[in-house]
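Student: Mind docking chain D on chain V? Use the hints.
There are 2 protein chains.
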Amino acid sequence: MTRKKSGKGEMSRSRLMQAAASEFAANGYHRTKVSDIVRRAGLTQAAFYLYFPSKEMLHQELMDVFFKKLWELSDAGRKVTPLKGWEVRGRMRENLLDLFRFFAEMPELTAIVLTQAPEGEDLHRKLAQIVAANLRSNQEAGHVRADLAVEVTAESIVAMLYRLTLRFLLTGEKTAEQLADEAVALLAFGMLQA
Amino acid sequence: MTRKKSGKGEMSRSRLMQAAASEFAANGYHRTKVSDIVRRAGLTQAAFYLYFPSKEMLHQELMDVFFKKLWELSDAGRKVTPLKGWEVRGRMRENLLDLFRFFAEMPELTAIVLTQAPEGEDLHRKLAQIVAANLRSNQEAGHVRADLAVEVTAESIVAMLYRLTLRFLLTGEKTAEQLADEAVALLAFGMLQA
Chain V
82 MTRKKSGKGE MSRSRLMQAA ASEFAANGYH RTKVSDIVRR AGLTQAAFYL
132 YFPSKEMLHQ ELMDVFFKKL WELSDAGRKV TPLKGWEVRG RMRENLLDLF
182 RFFAEMPELT AIVLTQAPEG EDLHRKLAQI VAANLRSNQE AGHVRADLAV
232 EVTAESIVAM LYRLTLRFLL TGEKTAEQLA DEAVALLAFG MLQA
Chain D
82 MTRKKSGKGE MSRSRLMQAA ASEFAANGYH RTKVSDIVRR AGLTQAAFYL
132 YFPSKEMLHQ ELMDVFFKKL WELSDAGRKV TPLKGWEVRG RMRENLLDLF
182 RFFAEMPELT AIVLTQAPEG EDLHRKLAQI VAANLRSNQE AGHVRADLAV
232 EVTAESIVAM LYRLTLRFLL TGEKTAEQLA DEAVALLAFG MLQA
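Protein chains in written order, with the working numbering: chain V, 82 to 275; chain D, 82 to 275.
Hints may be right or wrong, so weigh each one.
[As the list claims (entries may be wrong)] Think about it this way: if two alpha-carbon atoms lie no more than 35 Å apart in a straight line, the pair counts; the simulated DSBU-like pairs of lysine-lysine are:
| # | chain 1 | residue 1 | chain 2 | residue 2 |
| --- | --- | --- | --- | --- |
| 1 | V | K255 | D | K207 |
| 2 | D | K255 | V | K149 |
| 3 | D | K165 | D | K149 |
| 4 | V | K150 | D | K255 |
I should point out that these hints are in silico values taken from the structure, not numbers from a laboratory.
The following block holds chain V by itself, in its conformation from the complex (with noise of 0.2 Å):
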């Protein structure tokens, strides 16, 4: 780890997270060698044990380093409460931005997080736990009506979000800014001419 913070160290171990990420998201976590980690990033099994010392660690930060923001990301909702109501359409189509460009850069995690089961169930409602209580904050400044249960949408924005991300991101078909534009034209003000 005493490389970590050199320039040329560091790309060789963003190279290193990179390529395992695909390999898991290929083959799978148990499948994966090593071997087929530096072989992807084009380093040395030397080189690999310079950074990580086994598969498990390495594993365990990307996982680490992915969640950490997703967390952030999945509670955005809190930056509206303090808004102005003029203010609010626009930090909810950043907000979706910004998760939508997380995904986008990382895509294998992605699809390796958003579709694991049964582990994604706990993950499923843990993150419509954290938009439902941005939910409430924000009904009480007034953003967000009254008339909604907070609970069921804040799980059909989790499972939007998730398949808006599987179905159009992960493929290539929209892009993040694409996906942020079309979906926060449903969420803010719904299907129906008022």
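Tutor: Showing chain D alone in chain V's frame:
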């Protein structure tokens, strides 16, 4: 099949179908034996073969009945097209209620169909296509906002209905009526104060 029309025969037949749906859901199609089905139905093996030539045919019939109804319900958006604007929200709620009631009546088959992989992806896409076609008609009729992206909206609706069904309806946490009310509140006019 000559017994199909009589009242008592129809009841036994229906009991066998219900029992089979429960067994398939609990233990999977392949591990379920005809003897399991008749035990749950409280009937004899001989009775089974009066109504069904094989486990395979019973399974096929269960699926045929389920999907016939599912296609019909997923196409309910067409009932919106000829309405007056003020009737649309109520019809949306009825459409959702019909769907949730159907899922609640067939919980075992619903769980199998909504969670099966990889066929589940084809089903999700097919349902989204049906919803999308009606969204387009309802945009032309002036009921659905013209700025909505039809594909993303259709995929979002299907994902939301899957999730609400699995998370709240099949767990018994909410009734079909509650879910229809809460889902239409979000879908019709979105999250934000106008």
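Student: Each hint should be assessed against the structure and marked as holding or not.
Tutor: Hint by hint, here is what the structure shows:
| no. | hint | result |
| --- | --- | --- |
| 1 | V:K255 / D:K207 | holds, 19 Å |
| 2 | D:K255 / V:K149 | holds, 32 Å |
| 3 | D:K165 / D:K149 | holds, 29 Å |
| 4 | V:K150 / D:K255 | holds, 32 Å |
Violated hints are absent here; each numbered hint is respected by the structure.
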